[in-house]
Amino acid sequence: MVQPADTAWMLVSTALVLLMTPALGFFYGGLVRAKNVLNTLMMSFAALGAVGVAWALVGYSVAFSPGTALVGDLSRALLQNVGLQAQGTIPHVLFMAYQGTFAIITAALVSGAVVERMQFRAYLVFLVLWTLVVYAPIAHWVWGGGWLGRLGALDFAGGTVVHINAGVAAAVAALLLGERKDYARQAILPHNVPFTLLGAGLLWFGWFGFNGGSALASNAIAALAFVNTMLAPAATLVAWMLLDLARTGRVTAVGAATAIVVGLVAVTPAAGFVGPLAAVALGALAAFPSYFAILWRARSRLDDSLDVLAAHGVGGLVGALLTGILAQKAWNGVADGLLFGNPAQLGIQALAALAAASYSALGTWVVLKAVGVLVPLRALEGREEALGMDVTQHGEEAYTSGEGAILVLSEPALPVAQSRLVAGGKQA
Amino acid sequence: MRLVVAIIRPEKLSEVLEALFRAEVRGLTISRVQGHGGETERVETYRGTTVKMELSDKVRLDIGVSDHFVEPTVRAILSAARTGSVGDGKIFVLPVEKIYRIRTGEEDEAAVTPVAPVT
Chain V
0 MVQPADTAWM LVSTALVLLM TPALGFFYGG LVRAKNVLNT LMMSFAALGA VGVAWALVGY
60 SVAFSPGTAL VGDLSRALLQ NVGLQAQGTI PHVLFMAYQG TFAIITAALV SGAVVERMQF
120 RAYLVFLVLW TLVVYAPIAH WVWGGGWLGR LGALDFAGGT VVHINAGVAA AVAALLLGER
180 KDYARQAILP HNVPFTLLGA GLLWFGWFGF NGGSALASNA IAALAFVNTM LAPAATLVAW
240 MLLDLARTGR VTAVGAATAI VVGLVAVTPA AGFVGPLAAV ALGALAAFPS YFAILWRARS
300 RLDDSLDVLA AHGVGGLVGA LLTGILAQKA WNGVADGLLF GNPAQLGIQA LAALAAASYS
360 ALGTWVVLKA VGVLVPLRAL EGREEALGMD VTQHGEEAYT SGEGAILVLS EPALPVAQSR
420 LVAGGKQA
Chain Z
0 MRLVVAIIRP EKLSEVLEAL FRAEVRGLTI SRVQGHGGET ERVETYRGTT VKMELSDKVR
60 LDIGVSDHFV EPTVRAILSA ARTGSVGDGK IFVLPVEKIY RIRTGEEDEA AVTPVAPVT
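Here the protein sequences line up with chains V and Z, keeping their order. Throughout the first sequence, residue numbering follows numbering that gives the first Met the number 0, covering 0 to 427 in sequence. Throughout the second sequence, residue numbering follows numbering that gives the first Met the number 0, covering 0 to 118 in sequence.
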């Protein structure tokens with residue numbers, strides 16, 4: 000039975016989650032150098048297209064059709080039988096679209112590990128293959144009737160499916176591609192921190208649809224998830240600012256943007272399962288592992304350029320485990336965690352995280368190797384990387400003055416009378 | 000004829016321009032430059048990366064003047080650009096071989112003597 004109220008909320012949520020991918024583009028785009036910002040933005044925007052189409056054609060069926068405990072079948076490929084009939088209490092097409100927005104942002108998240116050096120053609124192929132081979136099966140395990148869901152793993156909005164998965168995939172991709180030629184040799188500084196803050200703010204806004212919408216209904220659990228999505232990142236932000244103060248004596252803006260994302264990631268699996276005060280505790284606790292993971296990464300040889308592993312992988316793992324500790328049946332009506340007398344839940348959470356991480360690592364490795372056979376994964380290391388991806392991959396620059404540019408006419412010039420008219424118009 | 004080259008703090012530019020105006024120094028060129036003059040480096044932190052910013056933003060003034068204008072020019076800059084901390088900048092006074100005003104073809108002193116504004 001399709002319910003109007005639920006449908007209305009899910010329509011809004013779907014749009015909110017879709018907005019997160021451009022937001023992620025700006026979050027990432029601000030953190031790279033000016034010569035790579037278009038490429039970094041395009042890595043997110045391209046996912047809106049490539050993953051969106053791949054999801055409708057095949058991905059949705061792999062994730063959300065009966066199949067086996069490990070993977071769905073092709074009974075819903077090309078959107079067969081995905082019509083206006085109810086899926087839960089919303090139209091099936093809407094459910095498909097809502098899940099599609101998750102697939103899009105998960106693939107885009109991985110791009111943070113390969114910015115400033117990956118061939119764009121190779122990235123496009125990677126997006127599609129990774130969504131079908133890695134994302135869709137893990138989504139099936141947890142939400143599509145697969146084995147982790149049946150086991151009782153709690154993942155409200157995708158801490159494991161989206162964030163642990165993307166974090167691990169990012170680390171594997173960074174290892175396989177290798178470090179940027181300037182990494183650890185030159186200071187590589189964010190070129191537009193305001194973009195990063197803007198992106199973090201818009202991500203937070205969109206995340207209300209990501210977590211609140213994961214109730215798949217306009218009900219009390221949606222309200223709980225919504226409130227927790229407000230409180231947990233607030234607590235992470237406070238903890239992060241204090242850590243910054245203690246370490247450098249200054250609260251940094253990039254740190255604040257990072258903290259918001261880490262808090263959102265950590266509360267994702269827990270959103271509809273824990274009480275609001277537990278969400279505050281979860282948010283504050285989640286700051287510590289990611290904060291120190293970022294410090295460690297910067298000193299390591301792992302060029303996970305924008306810290307996808309530290310923010311999403313570590314944050315997602317902490318969130319998944321804390322869900323197993325802080326979940327409370329009095330709030331969610333589903334399961335208790337360790338603190339409320341159900342230690343087994345923590346074990347299930349750890350198992351789900353481990354399974355998703357292992358499959359993601361293996362699958363990402365295979366996909367990247369396969370893509371590498373078709374197209375070189377990296378841009379030419381010396382010249383293209385030095386010039387920047389914007390010019391070499393896209394033939395555009397983000398910030399141009401037009402000085403020194405000579406107009407090359409590629410179309411026949413206008414007749415004289417008409418061109419005078421145009422020039423005259425400009426002068427007036 | 001001398002060329003007075005001054006490197007100053009960007010935040011002191013308006014005060015210096017005002018002082019030069021009061022000293023009746025009219026013709027000048029400014030450019031935004033970066034440099035290092037022994038001041039303590041600024042430390043910035045981006046996530047796990049800590050960097051020392053070796054070069055600070057400065058403004059460079061190029062002022063061509065006749066000999067008797069050198070002292071008032073230098074004094075105006077000295078008083079207006081000084082904060083007392085390291086990094087206030089430098090003033091160089093260089094001899095100039097030849098000056099032309101492009102509009103009229105006037106040379107030397109005549110080329111750097113301001114004309115009365117056209118009314």
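A portion of the hints provided could be inaccurate.
Which residues of chain V face chain Z? A few of them, derived with a C-beta cut under 8 Å, are [stated by the list, open to error]:
no., residue
1, Ala255
2, Val279
3, Leu294
4, Arg300
5, Leu301
Computed cross-link-like contacts, DSS-like style, restricted to lysine-lysine with a CA-CA straight-line distance of at most 27 Å [claimed, not checked]:
no., chain 1, residue 1, chain 2, residue 2
6, Z, Lys97, Z, Lys51
7, Z, Lys51, V, Lys180
8, V, Lys180, V, Lys34
9, Z, Lys11, V, Lys34
10, Z, Lys89, Z, Lys11
11, V, Lys180, V, Lys368
No lab work stands behind these hints, which were simulated from the structure alone. Small disclaimer: the values here were computed from a predicted structure and weren't measured. Beta carbons are placed, not taken as given, at the ideal position from N, Cα and C, and that holds for glycine.
Checked hints:
At a threshold of 8 Å, the smallest CB-CB gap from Ala255/V to chain Z is about 11 Å, leaving the interface hint violated. Of the supplied interface hints, the one on Val279/V is violated, with its beta-carbon coming no nearer than about 24 Å to a beta-carbon of chain Z, more than 8 Å. The closest approach between the C-beta of Leu294/V and any C-beta of chain Z is roughly 5 Å, which is under the 8 Å cut-off, so the hint is satisfied. Interface hint at Arg300/V: violated, since its Cβ lies 13 Å from the closest Cβ of chain Z, which is beyond the 8 Å cut-off.
Interface restraint check for Leu301/V: the shortest CB-CB distance to chain Z comes to about 12 Å, outside 8 Å, so the restraint is violated. Distance restraint check for Lys97/Z and Lys51/Z: the Cα-Cα separation of roughly 42 Å exceeds the 27 Å cut-off, and the hinted pair is therefore not satisfied. A C-alpha spacing of about 21 Å is found between Lys51/Z and Lys180/V, which places the hinted pair at or below 27 Å, so the restraint holds. Between Lys180/V and Lys34/V, the direct Cα distance comes to roughly 15 Å. Compliance with the 27 Å bound is thereby established for this hinted pair.
A distance of roughly 32 Å separates the Cα atoms of Lys11/Z and Lys34/V; the hinted pair therefore is violated under the 27 Å criterion. For the proposed pair Lys89/Z and Lys11/Z, the alpha carbon gap of about 13 Å is at most 27 Å, so the pair holds. A threshold of 27 Å between alpha carbons decides the hint, and for Lys180/V with Lys368/V the separation of about 21 Å falls inside it, so the pair holds.
Comparing the model with each numbered hint stated earlier shows that hints 1, 2, 4, 5, 6 and 9 do not hold.
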